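First to last, the sequence lines map onto chains Z and B.
Position one of the first sequence corresponds to residue 1 (this note's numbering), numbered consecutively onward.
Position one of the second sequence corresponds to residue 1 (this note's numbering), numbered consecutively onward.
No lab work stands behind these hints: they were computed from the structure.
These numbers were taken from a predicted model, which means no experiment stands behind them.
Check the hints yourself; a few may be wrong.
[To be verified] A few chain B positions that, by computed beta-carbon distances, are all more than 10 Å from chain Z:
1) Leu-54
2) Lys-103
3) Ser-105
4) Ile-127
5) Leu-134
6) Leu-149
7) Gly-198
[Claimed, not checked] Computed Cβ-Cβ distance ranges for the label pairs, DEER-style:
8) B:Ile-196 / Z:Arg-102: 26 to 34 Å
9) Z:Glu-188 / B:Ile-196: 22 to 30 Å
10) Z:Leu-10 / B:Ile-5: 56 to 64 Å
11) Z:Arg-181 / B:Ile-285: 33 to 41 Å
12) Z:Gly-271 / B:Leu-54: 34 to 42 Å
13) B:Arg-30 / Z:Ala-174: 42 to 50 Å
14) Z:Tyr-9 / B:Asp-132: 27 to 35 Å
15) Z:Ala-174 / B:Ile-158: 56 to 64 Å
[Said to hold, decoys possible] Covered stretches of chain B (in silico footprint by chain Z; criterion: 3 or more residues with CB under 8 Å from a CB of chain Z, positions within the stretch not fixed):
16) 217 to 226
17) 232 to 241
All residues carry an ideal CB built from backbone N, CA and C; glycine is no exception.
These are the residues of each chain, in order.
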Amino acid sequence: MEFGGIIAYLTSLVIEGGIFAVFCLGLNIQWGYTGLFNIGIAGFFCIGAYTSAMITMPAPTGLYAKYVHLLFGLDQPFALGLIGAAVICGIVAFLIGIPTLRLGEDYLAIATLGIAETFRLIFNNEKWLANGARGLTGLPQPLHDLIEPRYYNYIYLIIVVIVMILIYLLIERAIRSPWGRVLRAVREDEVSAAMSGKDIFRFKMQSLVFGAMVMGMGGALFAHYTKAISPDMFTPLYGTFIIWVMLIAGGSGNNKGAILGAFVIWTIWMGTHFLTDLLPYTLKARAPYIRYLVIGILLEVILVWRPQGLLGEEKRVSKMFE
Amino acid sequence: MIELIIYGLVHGSIIGLGAIGLTLVFGIIRFANFAHGDLMSAGAYLALFMVTSLFSWLGVSDNNFGPLSFGWRMLLAFPISMLCVGFVAILLDRILYQRLRRKGSGPVMLAISSLGAAFIIRMILLIFWGADSLFYRPGLLRHALELPLGIKIRPDQILILIVVLLLITFLHLFLQHTKLGKAMRSMADNIELARISGIDTEKIIMLTWGIGGALAAAAGMLYGIDVRLNPMMGWNFLIPLFAATILGTIGNVTGALVGGLVIGIAQQVSTAYMTPTYKPAVAFIIMILILLVRPKGIFGGSSR
C-alpha cells in the first residue's frame, strides 16, 4: 500500500474509533459512573442514526418517492440532526427508565435488550416509516462542498474529533461536580446514598438519559459517515457487544479509558481483518465470525485477569481535595 | 384461532422448558444468564452433528418412527446432547463464573461475562455451520393430523408436548423428593442459611448449571424438530425466556412453565393481527407490562 493509501486508511480508522469512543463515553456515564447495566446500546445507535437521517434528509419527491418511503424529511443542517438524535434518544431512555430503574439492575439490562430488538424490528418492517429493510441512502454530509469528495474524510475526521472532545469535556465537568459524586455514591451503595437524602430513582434516570443522549449523537455521527443506513446494521453484535468490550478494556469509570479502549479495540478489530486474509480459502466466508470469537475471548480474559481495564478508575475526581 | 392457541401451547412449552433452566440459575445462583439462549442453540446443533454425521458414520438406522420426522438417531442424540450441554454449562461456570465469584465481582460482572460466553458459543456455531437455517431432516413433507374442530397438528408437535411434560415431571419429583433437590430449593430461599446448614453450595451450583444446561439443550432440540435450526435462534429466544421467567416469578419452576405458555400463546395469537416478525416484540411488551404492574411476577406475592 502506498503512503496516501495508508493515510486514508488511518483516517477512517480514527473516524470510526472516534465514533465508537462517543458510544463508550455514553456507556461510561451509565455503567462506569452509575452502575446501570444497559445492553441495548444498539437501540440508541439505531434511533440516533435514523433520527438524524430524517431530520437532515429532504423528503423524497417525484419519481424518487415511488422507491423511497420516508415518513418525513426535514432537510435541516447536520447540527440539528445531532441535537435531534440526542433529544429523541433521551426521551426513549426516559420511557424505558420508568418501569425498570426502581428494580434490580438485571431488569434494566433485559428491558434495554428488548427495546433494541424492538426498534430494529420496527424499522425493518414498517416501510412507510423509513424505507423498511432497504434502509436509507444518500445522507447529506456537513461541509461537503468545501473540499473534493475524495478528501472529504479529513473534514469529517475533524468534526468527529471536535464532537468527541466536547462530549468528553462535558462529561468530565459533570462527573467532577457534586452531581457526579452522587452518581458514584448510587453505584457503590444505593442504600446509604438514599439515607443521605438522595432520590436514587431521579439520579439514575438522569444518568440513563444523559448517557442515551450521548449515544444518540454517536448514532448520528455514524449515519452521516457511512451515508447509508439500514436496520440490519444495528444488531446486538455490532452495536452493543463491541462497545461493552471497548469500555471494559479501557477501564470503566474513566473517561480517558473509555476513549482509549474504543481506539485500542477498534484497532485490534481492524487488525484481525488483515489476519483473516491469511486464512485458507474455505474459511474466508466465515472470517467475521472468527474475528468476533477473538473479541469475545478477549472480553473474558479481561474480565478474569484485569477487570479494571487498561486505565482503571480514578479514585479521586474532585479538585477540592489535594 | 384454536389452532393458533395449540401452536402457542407447543411453542410455549419449549419456551417454558428453557425458562425453567433460566429461572433455576437466576433463583439459586442469583445470576442473569444471558448465555442461556445460546446453550439452547448449542444443544440443537450438537444433536444435528450427531444425527447427520456421527451416527451415519456409526451406521445407526436412519428410518423414521411411524409418522414422526425422526428415528433412532434423534432418540440417541437427545439425551447425549442434554448431557453434553449440561457439561458445557458446568465448564463455563468453572472457567469463568467461578473465578469471578471468588474475586467478589458483582452480579453484573457475571452477567457481562455470560454475554461474552453467549457470543463465543454463537460464533463457534457460525464458524462450523454458517448462518443459514438448517433442518434435522431436510426436504421432508410434514403431514398434519386432522383433529376435530378443524385443528391441524403434526405428530411431532404432540410428541414435543409429551417430552416437555415428562421432563418437567422428572424435575418436579427430583426437586421435591430427593436430598439434592431439597438442597437446591433451600439455596434458592437463603444461600447463607443453606451454607451454615452444611450444604456444599459449590456442588449445588454445579448441579444447577448441569440441569439448566440440559433443559436448555432439550428445548433447543425440540425447537429444531418443530421449526428449524439457526445460529441466531437462541438469541431470539432470550427475550421470551426472560419474559417468561419474570412473568412466573424468578426462581419459581411452575411459574416459568406457566410464563412460557402465556408468552408462547400470546406470540402465536399475535400473528393473526401482525406480521410474525414482531413475535419477539410481543414477548417484550408483555414483560414491560408485568414490570409496571407486578414486578415480582404472578407467583411472587405483592409487589414492592
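Earlier hints that do not hold, by number: 2, 3, 4, 13, 16
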